[in-house]
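Protein sequences, first through last, are from chains A and B. Heads up: the first sequence is residues 8 to 350, going by this note's numbering. Heads up: the second sequence is residues 8 to 350, going by this note's numbering.
Among the hints, erroneous ones may be present.
Covered stretches of chain B (chain A as the covering partner; in silico rule of three or more C-beta atoms under 8 Å from a C-beta of chain A) [stated by the list, open to error]:
hint, segment
1, 212–226
2, 237–251
3, 285–291
Hints listed in this document are in silico derivations from the structure and should not be mistaken for laboratory results. Quick reminder that beta carbons are idealized off the backbone N, C-alpha and C, glycines included.
Number of protein chains: 2
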Amino acid sequence: MINFSVIGIMHGHIYGQIKCLVDAGATFHSWIARPSEHMLEAEFTKAFPNAAHAASEDEILNDNRVQLVVTSTIPVDRAPLGISVMLHGKDFMSDKPGFTTLEQLNTVREVQKRTQRIYSICFSERFENRATVRAGELVRAGAIGRVLQTVGLGPHRVNPPTRQPYFFDISQYGGILCDIASHQFDQFLYFTGSTEAHIVASQAGNVGHPEYPGLQDFGDVVLRGNGGSGYVRVDWFTPAGLPTWGDGRLTILGTQGYIELRKYLDIAGRPGGNHLFLVDTSGTQHIQCEDTHLPYGSQLIYDVLHRTETAMTQQHAFLASELALTAQLQAQPVNPSIVLQPL
Amino acid sequence: MINFSVIGIMHGHIYGQIKCLVDAGATFHSWIARPSEHMLEAEFTKAFPNAAHAASEDEILNDNRVQLVVTSTIPVDRAPLGISVMLHGKDFMSDKPGFTTLEQLNTVREVQKRTQRIYSICFSERFENRATVRAGELVRAGAIGRVLQTVGLGPHRVNPPTRQPYFFDISQYGGILCDIASHQFDQFLYFTGSTEAHIVASQAGNVGHPEYPGLQDFGDVVLRGNGGSGYVRVDWFTPAGLPTWGDGRLTILGTQGYIELRKYLDIAGRPGGNHLFLVDTSGTQHIQCEDTHLPYGSQLIYDVLHRTETAMTQQHAFLASELALTAQLQAQPVNPSIVLQPL
């Protein structure tokens, strides 16, 4: 079994990243927050009283008992940390996005190839969502024939008072397509089985939050791969009345059927999350996926121990990120409508 | 009240077009099928025994008792018919699409301007769908704030044995974006309130029906207008197990909420069609819209009598069509995936 440590706890995703490893049997060895994250330490300490609070990042990087370093530090700082981790002979698991620029990605590609360490990105909208994992099982089993296209809608609740300053600085989070759309590129590649893809068109902008000019609140992308097409829309417009942070959806269109995921809720409908709807040649069905096993944590541990790629190939993590960064870089601006015409 | 006649009955939509006028009090005066439509005459006669079967198209065009001519003839033949109808001083209501080329559209624009006749296009996925009409009422009332974007998914069942030959000849139906996506451009303009818009990117192709090379079975479009953005996906992949022809959806994202329409069914859920889901600042609700009034027929009759534009402005009908034709013309090819990678 393995020991892992945490460096950087800025985003709350870190709790899910730790949980998936601990649930799979790994030992949470030690941690340290970055200077800008000190206000988050008290709560973190309370949640993980048995992990040692390291005196420095170097202490963790040079600790031979630690095989894997995990982070949710500010996005722009993840790749430099990952490079340092790999150069210290350890594997790395980052919160998404794993990168904020193509330059970061290219450097990481080079260092990863040279060191043969793992640079994994925790795409929680797949790895931590049971309906999405179940959809993968169904698609792999041929339930909807050959996959033609995916449509991913990823609305998020903005809730500005709860956000750290980096959230409003595009140079630190990379833009909406780099950041919250990165999940979508992972899912597009995964479900279409594409190993090559390119951006057909992308858009991003601030269309409804003039008081936060550094926030991109809307973006969308059309892309095409060697396994199918995809559309992605992300936004920060989850209304106050929705009982969860976002009505995440994924529709997977195949030659013989389609799957719709209502990941986090079935609005004004069934209780709970993880709702999968399958329409195939014989009928329609609703599948509740609360019992589906989430394999990412145990697969990543296996990969650390056996130098394999069962959780996610390195190529996949890099290509998903490259697509997100390219979509961001090429995005046409979407501005608020000057004139709203009456219907 | 008005009298109307029918010239051309190729698509079954003609029954809905007639029904909305008759329900609103118009008199179905007379009709004639085109030569290629003779096999459809017996059923049509049985449905409308009181309408006179005209001896020729000229008889209808020159009949002073007829104010409006309605058609569902082969798409490529609709604009020439409409031009003839307008030049005979009558108004025109076409099944969608109203055009198959930009040249047709430009000629119709000129003739319509000169004759001041009505060239209406029956966008049945709005005009004949109560949930969509209800969504218009809610949006107009400000239920979701300012509209930012629409996502329209329009899957259709292909069922080749039931299709006439024109269905497999792109020069006759105009392509998938011209044809079944035309509904979507109407809804995009209507819900975003856009009076100007352009195509950001479009794709079309045959990805799953090599046995019907003339069929485009998949297409999608990103567009942007002065009232918001839009995404459109259409396809001919409705699976055999779906209990209706297509799981048409429309999601309307606003600054203060969103609306999702499940137009024709709620898969593996509630009975019937016309399901509207509203999420706003105060909560989520399901609204069943079976009782919503469909105003298109009575509005068009009013417009014929009073020379107004209550059903739909002429500019709207032309702009929706121009967007569909332009998206079709600029569409990048989407080809079947050569290699399907294992998941």
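Each hint, compared with the structure:
For the segment 212–226 of chain B, the stated coverage by chain A holds: 3 residues have a C-beta nearer than 8 Å to a C-beta of that chain, and at least 3 were required. Only residues whose beta carbon comes within less than 8 Å of a beta carbon in chain A count, and the segment 237–251 of chain B has 9; three or more means the coverage holds. Counting residues of the segment 285–291 of chain B whose CB falls under 8 Å from any CB of chain A gives 6; the rule of at least 3 is met.
In this structure, every one of the numbered hints holds.
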